[in-house]
Amino acid sequence: MDFTILGKELIKVEAIDKVTGRLKFSGDMFFPNMLHMKILRSPHAHARVIEIDTSKVKRLKGVKSIITFRDVPKFRPMHQFLHMPWVMYYDSFLLEETVRHVGDRIAAVAAITPDIAEEAIELIRVEYEGLEAVFDPLRSIEPGAPVIHDFVRRGEKRIEVKNNIVSTREIEIGDVKKGFSEADLVLENVFKTSRPNNAPLERSVVVCIPETGGKLQVYSTTQGIHPLRMNLASSLGLPLHKVNVHRSYLGGSFGAHIHMGFIEPLAGFLALRTGQPIRAEKSREEMFLSCGRHPMIVRLKTGIKRDGRLVAQLIDLIDDTGAYAFSGESKMVLAAGFSMSMYRCPHQKFMGKTVYTNTPPLTAMRGAGNPQVHFAVESQMDIIAKELNIDPIALRLKNHIREGDTFFGQGHDVVCQVQSCGTEQLFKEGSERIGWKNKKEAPHRPWMRRGIGLAKGFHTSGCGSPEPSKFIMDYSGAILKMNEDGSISLISACADAGGGTLTGHAAIVAEQLGIGLESVSIYNGDTETTLFDVPTHASRGTYGSGLAVEAAVQKVKETLLEWGSRIFETPVERLQVGHGKVWVADDPERCLSFEEVSRTGQYKGWGTIMAEASIRPTACPPHFTVFFVEVEVDTQTGEVRVLRAVGGADVGTVINRPAVEGQIAGGLHMGLGFGLLEDTVIDRETGKVTNPNFSDYKIFTALDMPTFEAILANTFEPTGPSGAKGIGEGVTNPVAPAVCNAIYDAVGVRIKELPVTPEKILKALKQKV
Amino acid sequence: MIVNGQPYRLEVEPRTTLLTVIRHSLGLTGTKAGCEKGECGTCTVIMDNRPVNCCLVLAVEADGSEILTIEGLATGEELHSLQKSFVEMGAIQCGFCTPGMILVAKALLDKNPKPTEGEIRQAIAGNLCRCTGYDKIVKAIQKVSDWR
Chain S
264 MDFTILGKEL IKVEAIDKVT GRLKFSGDMF FPNMLHMKIL RSPHAHARVI EIDTSKVKRL
324 KGVKSIITFR DVPKFRPMHQ FLHMPWVMYY DSFLLEETVR HVGDRIAAVA AITPDIAEEA
384 IELIRVEYEG LEAVFDPLRS IEPGAPVIHD FVRRGEKRIE VKNNIVSTRE IEIGDVKKGF
444 SEADLVLENV FKTSRPNNAP LERSVVVCIP ETGGKLQVYS TTQGIHPLRM NLASSLGLPL
504 HKVNVHRSYL GGSFGAHIHM GFIEPLAGFL ALRTGQPIRA EKSREEMFLS CGRHPMIVRL
564 KTGIKRDGRL VAQLIDLIDD TGAYAFSGES KMVLAAGFSM SMYRCPHQKF MGKTVYTNTP
624 PLTAMRGAGN PQVHFAVESQ MDIIAKELNI DPIALRLKNH IREGDTFFGQ GHDVVCQVQS
684 CGTEQLFKEG SERIGWKNKK EAPHRPWMRR GIGLAKGFHT SGCGSPEPSK FIMDYSGAIL
744 KMNEDGSISL ISACADAGGG TLTGHAAIVA EQLGIGLESV SIYNGDTETT LFDVPTHASR
804 GTYGSGLAVE AAVQKVKETL LEWGSRIFET PVERLQVGHG KVWVADDPER CLSFEEVSRT
864 GQYKGWGTIM AEASIRPTAC PPHFTVFFVE VEVDTQTGEV RVLRAVGGAD VGTVINRPAV
924 EGQIAGGLHM GLGFGLLEDT VIDRETGKVT NPNFSDYKIF TALDMPTFEA ILANTFEPTG
984 PSGAKGIGEG VTNPVAPAVC NAIYDAVGVR IKELPVTPEK ILKALKQKV
Chain E
23 MIVNGQPYRL EVEPRTTLLT VIRHSLGLTG TKAGCEKGEC GTCTVIMDNR PVNCCLVLAV
83 EADGSEILTI EGLATGEELH SLQKSFVEMG AIQCGFCTPG MILVAKALLD KNPKPTEGEI
143 RQAIAGNLCR CTGYDKIVKA IQKVSDWR
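From first to last, the protein sequence lines are chains S and E.
Going by our numbering, the residue at position 670 of the first sequence is 933; the numbering climbs one at a time, nothing skipped.
Going by our numbering, the residue at position 117 of the second sequence is 139; the numbering climbs one at a time, nothing skipped.
Just to be clear, a hint being listed does not mean it is correct.
[Unchecked claim] Lysine-lysine pairs mimicking PhoX-like chemistry, simulated, CA-CA at most 20 Å apart:
(1) Lys59/E to Lys961/S
(2) Lys1015/S to Lys455/S
(3) Lys136/E to Lys165/E
(4) Lys136/E to Lys106/E
(5) Lys271/S to Lys136/E
(6) Lys1031/S to Lys1015/S
(7) Lys661/S to Lys649/S
(8) Lys161/E to Lys271/S
[Unchecked claim] Simulated DEER-style distance windows between Cβ atoms:
(9) Val82/E to Gln1030/S: 33 to 41 Å
(10) Asn296/S to Asn26/E: 26 to 34 Å
(11) Ser784/S to Gly98/E: 17 to 25 Å
(12) Gln144/E to Val453/S: 55 to 63 Å
[Said to hold, decoys possible] Covered stretches of chain S (chain E as the covering partner; in silico rule of three or more C-beta atoms under 8 Å from a C-beta of chain E):
(13) 281-291
(14) 824-833
(15) 844-850
Hints are computed from structural coordinates only; laboratory data are not their basis.
Glycine residues also receive a C-beta, built at the ideal position from the N, C-alpha and C atoms.
With the sequences and hints as input, model every part of the structure.
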C-alpha cells in the first residue's frame, strides 16, 4: 500500500519538548503546600507487628500526618489493571500488620520536605514477632511451609490459600499421551528464569491534590489513567467521579506501571486526611521492591517425529509472584496461551501454578510470561535440531505458526486466527545479514570462541478476540476535534511510555485526512475529558488504541462530507474527502479546504466537527520477530561478549520507521540483560534484595551493546489500523534464548538457568571436560 | 553561581544537592532524577565545562561555578545541533535519559569534535538508557560530529 506519511522517518510530536527539557513528566509537577510521603518498610521477610510507637514522630517539626496499619481502611484495594473486578485477587491492605517481605509497608508519614519525612520514618519504633519465611517457590508449595496468606479475596469470594498457591491451571489440546506415543524422539528439560527489574529510568511518582468535596486530582506514572482511576477510587471507597487522573508521557515503563502500586492509594488517603497535595516518589531501591518479571520454572517435554515435526508438548510451570499477586494469576495463564502458540503442535498440555513467596511482589515486565516460555521452548528447539541433525532455521520453519493457524493472545481465552506472518522473510534476510551459512570465523585467540545463535519470537497485539474475554477488558476510545483552522486535536487516554504510540496515532489521522503531521495536536487529557482506554500493555498501543483513532477519523470524514454536501448543495455520493480538502468528484474545481468547511460551519452555526469512537478489537494478531546474535566466549573467565546482532520484526504496516527500529534495538538491549546480566538477587537467609541499585544490578551500557542491524518484514495486517500490528514485546522475547543458542554454538555448553553468568559457563565447561 | 547564563544567589543547607537546587529551587525540571546515587546519569549537567552527575554534587560546591542544564542549550527556538540530531535521528524514546545524554555528548564534542564510535560509547557509558539500546543515540552524536 502507498502511504504519504506512514512508514517514513517521522519526528515524534513531543520530541522537541524532550530535547529541551520542557516536557513535564509526572515527577516534574510541583504544587503549592505540597507534602511529601515516605513509607516505613519492614526489615523482616515475615513478621507480625506487636507494638508500634509513633510518639517521637509527632513531636518532629514539619510532620503533618502519620498513619499506621491501624489507621487505614479495613478493606483490600484493587491493584490489577484491566481485569474484571470479580477475577482480581485482593490480598493486601494499604499498610500491613503482618509483613510478608523485606520492604513491606507498615506506616506512612507526610511532611513538608522529603528529608523530614525520612527522618520521621526513622523515629518510629516497631516491635516485631518474627515468623518463618520462605523464598523458594518449590519449598513454598511443600506441606508444612510457612503460611504467607491464610485467605485472600477473589472478587467478592473468600478463597482459602492452600500451600501458598494463588491459582492452578490445566489446559489440554488434543491428547498429549497419544502425541508422545507417536513421537520418534522425546526430550525433557527444566529451564529456570530470573527476576529482572523493569527499571524504567523514571521512578514511580504520584501527586494527589485534594479539592472541595473530597475530590482528588491525580498525576501519576501509569500505563492507564482510567484503570488507575478505577482502582484508586475503589481502594479509597470513593465514587469514580471523585478521582480525576491526568495523563503524562512516561519515562519508560515496560510493565512497571501496569497495576496500581501502594504509593498511589496511600498518597490519596493522606491527601484527603491532610487536605494538602501529597507527593510520593519511589526511591530506586523501592522500585526494586515493587516490580519485576516473575521467575518461572518451566519443565518442558517435547515429542518430535524424525522429520522434525512437533507432535506433543507438555509444560509444567511454577510461577513466583512474590508476596502479593499484583498480576493475579495472569502471568501464568498468559504463559499457558503463549506456550501453546510457539509452534504448530497437535497435542499440547499445560499445567501451571502461581505461588506466593516472602519476596517483593512482582508484575508484568515486557512480555508478561512470554520471555520465560520463549527461553524454554527456543532453547529446546536448538537441542532438538542438534539431536535430529536438522538446521535450526529449517526446524523452526517446519513448525512455525503462520497464516490460518490459531493464536492465543492472552491466555486461552483470547484467540484469533493468524492473518499475517513475516517469519520466513525475516529468517531469510536475517541469516544472510549475519552470515548463517558460512559462520565460524577462526578465533583470534584459541581460548576465545565465537558462535552464532538465533531464536524466533512473537508477542500478541492486544487482547482482542471475536468474543469478549471473560477476564480481560480490551477496548479503547478516541476523540477527534477539528479546529476551525482545519487542524485536529486528538484527545485520548492512551499512554505513551516512549514507544511513540501517540505520534503513531497522529500519523494515522494525518495520513487518512491528507494533512500534515504538524496539523494534528495531542492533548494530554485526563479521565474526565477522555474516553475509557485500557492501559497501554500487551503491545496494543498502536494496534488497539490505533483502531479507535482510525474509527474516529472515519466519522470526521463523514461529517466533512455531510457539511460539504450542504455547502456544494450536492449529494454526499458525489463528494470526495482527502488531501486536506472536500471536493466534487466529477467537478474538482469545486473544492474547499478543511478550514473553509469548518469555518463555514462555524459562521452558519452548525457546530464543531468532532467525532468519538470506542472500539473493541476482535483479533490479537501476533507480531513475529527473529533474532540472530554472535557472541564471543572467553573459556578462561566464562565472560560472554555479544559482538553482532540482527533483529527482525514483522509489524504489519510500519507507521514510523525509526520508532520501530528503536523498539527492536531496545528489545535487544533488555533481552540481552535478561540473558546475561539482570537478576534481582534475594538473600537466601534474610530475604533482603541485595542489589537494589544500578551499581549492583547491572544493565547494559553503550559499551556493552553489539553492532546492530534491524530488518522489517513486508506484511499487512488486515485487522490492524492501516495494516499495522504491535512491536513492543516480541522484540525482547526471543533474545535470551538466541544468546544461549549462540553460547552453545561457541563452546558446546547448554545453560538452562538465567542469567548466564560467567560462573555458570565455567562450571558447565568444567563438567563438559 | 551562574546557571544557563543567569546569575543566582541562593542560601542552601549544607546537605542540599545541586540536583535539588536545580530542580526545586530553580524549577529547571529538565534535569532528571533517576536514582539520586550517581548511577544512572539522568541528572547530568555541565559544570565548569565538565559533565557531572549533579545528584552527587553538594550545592555549596557549586558556589561560583558556571552550570549548563538542558534548558540552556538551545538559543531561543533555535535548537543546538545535538538536539536537532537527536530529534531527526529518532534517538529519543521515553526521553528521560535524553537531557543527560545530550549534555554528556556536548561535553565530549567540545573537547573532541571528531570522536570515534568507541570514544562516543565511552563518553556515554555512565548514562543509562532503558529504551533505545543506545544505537540511535550513538548515531545521532556521530552525525553532529560529521556536520562539524
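Hint by hint, here is what the structure shows:
no.: 1; hint: Lys59/E to Lys961/S; result: holds, 14 Å
no.: 2; hint: Lys1015/S to Lys455/S; result: holds, 6 Å
no.: 3; hint: Lys136/E to Lys165/E; result: holds, 10 Å
no.: 4; hint: Lys136/E to Lys106/E; result: holds, 18 Å
no.: 5; hint: Lys271/S to Lys136/E; result: violated, 29 Å
no.: 6; hint: Lys1031/S to Lys1015/S; result: holds, 15 Å
no.: 7; hint: Lys661/S to Lys649/S; result: holds, 15 Å
no.: 8; hint: Lys161/E to Lys271/S; result: holds, 18 Å
no.: 9; hint: Val82/E to Gln1030/S: 33 to 41 Å; result: violated, 57 Å
no.: 10; hint: Asn296/S to Asn26/E: 26 to 34 Å; result: holds, 28 Å
no.: 11; hint: Ser784/S to Gly98/E: 17 to 25 Å; result: holds, 22 Å
no.: 12; hint: Gln144/E to Val453/S: 55 to 63 Å; result: violated, 41 Å
no.: 13; hint: 281-291; result: holds (count 10)
no.: 14; hint: 824-833; result: violated (count 0)
no.: 15; hint: 844-850; result: violated (count 0)
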